[in-house]
Each structure stands twice: as structure tokens, then as C-alpha cells.
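So the chains spell out like this:
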Amino acid sequence: MISIMLRPEVSGGQSKTMLIDEAFHFPPQFAALVEACWRKANPPSEWGVTPEQFQRLLERSVIRRFSGSEMDPKGIEKYLGGLHLDELALAGACSAGNAAAWDFFVKQFRPELYRAASAIAGESCGREIADSLYADLYGLREVQGRRQSLFGYFHGRSKLSTWLRAILAQRHVDEIRRTRRTEPLDAAENDGDSPARKVQFQSRSDSHDPDRLRFIAMLQTALTTVLATLGSRDRLRLAYYYVDEMTLAQIGKLLGEHEASVSRKLNRTRQSIRKSVEVALLEQKKLSPEQLRLCFEYAQQEWPYDLTRVLSARD
Amino acid sequence: MTADSRDRAMSGMLRQSLGNTRPQGDCLDAETIAAYYDHSLDAPLISKCETHLAQCARCRQQIAMMVRAESSAPAKAKAKITWIWDWRFLAPAAAALLVLTVWGVRHSTLTVTSPKAPGPLVAMSKPQEILPQLPPQLTTSPRLPAAASNSKSTPLPKLDRLSPSAEAPQSEGADARSLQKSKESLSVDSSTATSGEQHSDGSLKEPAAANSPETPLAAKSQPSGAGVNSPTNALQAPSAPPVSRSNTESSSGNVPAAEAKESAGNELSTAKQAQLAGRIREYAAASQAPARQTEQRSAETIIATPDPKVLWRIAGGGFVERSEDMGATWNGQLPLPNAQLTAGAAPTAKTCWLVGEGGTILLTKDGTHWSKISPPVPANFVSVSSKSASSAVITASDGQKFSTSDGGKKWTPSQ
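These protein sequence lines are chains A and B, in that order.
In terms of the working numbering, the first sequence opens at residue 1 and continues consecutively.
In terms of the working numbering, the second sequence opens at residue 1001 and continues consecutively.
One or more hints might be untrue.
Computed footprint of chain A on chain B, listed as stretches where at least three residues anywhere in the stretch have a Cβ under 8 Å from a Cβ of chain A [what the hints assert, rightly or not]:
1. 1037–1045
2. 1048–1054
3. 1057–1065
Chain B is faced by these chain A residues, among others (derived, beta-carbon under 10 Å) [unchecked claim]:
4. 234
5. 241
6. 285
7. 296
Derived pair list, reagent style BS3-like, types lysine-lysine, alpha-carbon separation capped at 30 Å [as the list claims (entries may be wrong)]:
8. 159/A <-> 1410/B
9. 253/A <-> 1350/B
10. 16/A <-> 1048/B
I should point out that these hints are in silico values taken from the structure, not numbers from a laboratory.
These numbers come from a predicted model, not from an experiment.
Backbone N, C-alpha and C define an ideal beta-carbon position, used for all residues, glycine too.
Using the sequences and the hints given, assemble the complete structure.
So, in C-alpha cells, the structure goes:
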């Protein structure tokens, strides 16, 4: 992290906050900090990035992050210290259309771009998404006569490769949601005898228990209420595991936890949810133990997705 | 019902409840998601992001894709041996090195004074002399390129775009044992063999183990995920061997290694010859491919049909390929993008059942159009056997078997 002492006589011995708006420029006391950032970025001369241009990149990054906020110099200093300055300089040079910078980007990042696109969206779809992104990075689109490069949206808060993956993922998800390509295939639409159908859990609706639907509804309501009381992180951990089907290791990496901690917390959360649901049904809904048992049994029949067994085998 | 059973019973409800939420506020932009992913956000922002992510399936889906994309990166590119720089390793290692050095110096000093006569030299045979030649059936097959012998300049058959090309095949996904036998049977200059690993500039690295295509297959550790399944790492394969996923009574079936080994020494059946020829050709192509970006493909699974000319092949990322000329050329299809397909069975030349992870079951009756079949349970299926387009038996990863006699409309548990 880049750290530099601001002149106390300028700041009055105390941290003075600054309003960050679209017109923000670094005050003079930031000159040394900006210089330190420039040295750390150390862009090759052939990229054609001047210190002034680089300062503008830093200012845009600060604006992007803190726009509308009052920030003290220490906070800005800490923020700048966490930026990926070398990649920010590269993005700036590519955005300006510098050939040497583009050569560097193509050599260093393009293979990874296409590999990630292929991993995200498959071979042919990934290729299309990657080509489209590559064109947008170059800036084939023009707005009011000015070439707009997607690099203008990179502000150095993450690695450039991560940012590229995020854009690829975002575009693919939006494409999926737009076209719903995971829904029934062409053959299902054309072939009247096709057995293809949407993947749905088999609903055992042939039960003759008249209370079945009522029990399921009560259990669902109780579960929804309990889930609403969960902390965001616990809820996110559950969602990553049950909905997104991530492994414990992947969840741990995202949340900054050890794999064993993720497992332990998932188990604890699940047990806590179950107990809360049981209490709600027994005490509030006045169900008997036998009726409670039926609730869970019907739930298992209605949603027989034994994810625990599947994922535990995978984990 | 025990507490543990109730916990499991809730799994389905949790999945449904957690997946049906609606976020409040705008979705996270790509830059914020990337910064969150890289742990570059400060604590208040992380909390804000996690609150949104807990409710937003769209944003979580993006993150899940990023996780899979990173997981599919070449293993060596990701592996960083950091322990070697730990002082707890360096200190004793340095001490041991010093002791060895001192001992070595003293030992060499002593031996200088009493030189010994050199031992007899052992003549080493040239590597190419000890490699067995290809069986005559294979070397004379018109399908085999001359590269199987020794020529680098013989052009390989032009393949379909979606097939592993002559320039950039991916051999890691092939059956390890079959390729091992193939390699032993070939006298191929493998100095330019590829392993799919790349330098940061996109050029391929020299493979670590003497261009061995039988790179140990690492177990896959990631799930299919959120309905969008990514191809596995080029250097990885499903934990179970990619061959013989279907039951023995099926009319399909991949080439078991033992059977390939036996066939190599004996007269080959036409279908098996075609399969082995295809594998050898692809290995030869892989051995001579120039360094360039390779396709990312998962384990290759060949599915034979009653017609010896017609073959199917699972090729990762949801792709399947079909050949009508015994594997000389392949035409790719994408029945389900990003599906993690694990096995298949082809009771006729145009009928093919495919199964995979996350309850994936696919069926084609005309060799072109695919239907997605509802699974009996949303489990990972690892094998399928079939006698017709109506009849099939699928096996889940936990051993459960289900059979159908109406083309998948109804499944019943079977033994």
C-alpha cells in the first residue's frame, strides 16, 4: 500500500474532508501521492501515458468510487493504495488507442479472455461473447463522434482479468435471461411427441391427505419467515450452496472463509433454521409432533432434491 | 423422522425459497462484482454487496460463472508454491544443503586421492528402436495419417471446426489408458506435443512429463452450478474414468482400456479399429500440433453405435459430436450449452441418449434434434444403457438406477 504523510500545515493538523463530485481534481497536497502512484504503475513509455493522463485516471477512479460523498484524504490515500495501478495505466493507454498498449493487452489478456469466455458460455457462444467484448474494448462504438472504449469503465479496483471475467459473465447471464436458452430445446418445440419437458421436481400430488397442501404451505411460510431473519452472510452462504451449487471451497474463497468453516456454518445455519421452523409450527401453529413429521415428509416428497447428499459426495 | 432427515428434507425447500427472492435496489455493476470477487472492497461495501447478493440470483449467477471460469484455468497457471519461501522450510533446507555441501566437498577431496577405474559403459539402445511398430491394420489404414509413423509434414485430415483440429487437439481428455497403449504403439516424434498449458503470451508450454498425453487426470471438484455448466479444465477430467459409463448389457459403450489393449495385439473388430484409429490419429495430431491456443475440452467419451461408421463423442461444454465415417470427421452439436455430460448410449445410428450432471438427460431420435428429458431425481447421472429410443436405464452417482420404457416420460427405480 502506498502511504505518504500529508503536510499537517495544509490539512490544519486534522483530516479535512473533500467533496467528491464529477469535477473532482486532486488538491496540491496530493501531488506526492499521485507521483508515488505513477512510479508504482510505471507504464512503459511506448504506451504514451503521461503523468497528467494517469492522474486523470486516478481522479476518475476516485470519482467513480466516492461520487457524492465527503471523503477525508486518508480515505482517498487508502483507496489509491489498493488500486491495480499498472493495469489502470494499461487500460488508459488502450482506451486512448495506443498500439503498443494494445499489443501488450492482446498478448497478455486476450488468450485468457477467450478461455474464460469459453468456460463461461461454451465454445461457440463464448467465442461470440468474447469477440463482442473485444470489439467493445477496442471501441468500435461511437457516441457523438467519439470512440467509446469499454476500458473507460475499468477503474483499477480489481484485477483487469477479473473485470473482464465479470463482464463476460454479466453478458452471458443477461443473454440467458433474455433468450431463456436453458428452457425446452428446439426439438421439444418441433416434435409433438417429444418427451422433452422443463426440468421440474416430480410433484407427488397423488396423496390423499387433505391437509397436505395446508401443511406444505405452513412449512413454507415458516421457512420464509425464518430466512428473513437470517444475516446476509448466512443467507448468502446458503444461496451459494443450495441455489448456485458451489462447492465449499468456492464459497470459502468468495467469503474469505476456510472450507471447514463454511461447512460448519452451513450445518449450523441449517439446523438453526430447522429448529426455528419446528418451534414456529409447534407453538404458533399448534401442530402436533405427528403433524410436524408429516410437514417434513410432504416437503421431502414435494421437493425431493436431496442436495445435501449430492453436494456432500461432490465436496 | 430424525433431525438429520428433517435437515435433508428441508434442502429442497431451501433451494426453492432462496432461489425465488427478489433483490431490492439496482444490481451490482461488473466493476463492483469484480472488486468484490478480488476482495478489494472495504468492509461496508462488502456488507452492502452481500446483502444484495443474498437476494439477487442474477448477480450470484455472474459470480458463479466467474468462479467456474477461474476454476477451469490451467492448473499450473494457478498453482503457486508459496510454502517453499517460508522460513520454516528455508532454514532447515539451507542447513541440510550446507551439510551436504560440506560432506560432498570432503568426500570429493578424499576420492581425488584414490581414483577408481571407470566402470564399463552400458550401451543404450536408441529410443525409437524399442518402440513397437503399429499393428499392420493400423499402419495401413487409409484413415491413419503418415504422422503415425514418423512424418511431421504429412497433412492431417481437415476436420470440422468443432472437432479437435489437427492444429489444436486436446488429448488430455482422452481415455488415459487407451492413449497410453496408443503411445506405446507409435513411434512419433512428440517433441512438439502440447499439453494445453500456456505461457502468459498465449504460446504453449512444453508439457512437464515428456509430452505424455496420459497426464494424470485430476478429479473435478466443482459442481455444475445454477443450470449453467462450464467445461472442465483441459487438464482435468471427471473423477470417474470416462470410459464404460454405460452398463455392459447396452449396445453402446466406450472402448474399455483392457479391451483396447487386447485388441491392439489381435485382429481388431471394425468398430473398435475405427475407434482406436481415431484415437491414435488424434494423438498423433496432438503430438505434432504447433504451439497455439488449444480448445478447452473435458474428457472425451466415444459412444459407439451398431453402425460401425457412426460414432458419437461427448466433447465438453455441452457439446457432442457425431461422425459418419468412423471418426475421420466430426460434426458438432450443442444440445444443451454448458451441460456437463458424462455418458451416453446409442442403440441405433441415429438414436442417442446422453446423461450428465444436475439431472441432465438428453435424447435424439434423428441424430440432430435433441430433447431434454425430465429426470426422476435431480442427481448426477454417470451412466446410461439403452436398447431403443423408448427404453433406457440410467444410473446416478449414488448408485440409484432408474428405467424407462416410454422414452423418459416416466421413470421407475430399478435394481
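Now for the hints, and whether the structure bears them out:
no.: 1; hint: 1037–1045; in the structure: holds (count 5)
no.: 2; hint: 1048–1054; in the structure: holds (count 4)
no.: 3; hint: 1057–1065; in the structure: holds (count 8)
no.: 4; hint: 234; in the structure: 9 Å, holds
no.: 5; hint: 241; in the structure: 9 Å, holds
no.: 6; hint: 285; in the structure: 16 Å, violated
no.: 7; hint: 296; in the structure: 4 Å, holds
no.: 8; hint: 159/A <-> 1410/B; in the structure: 49 Å, violated
no.: 9; hint: 253/A <-> 1350/B; in the structure: 44 Å, violated
no.: 10; hint: 16/A <-> 1048/B; in the structure: 26 Å, holds
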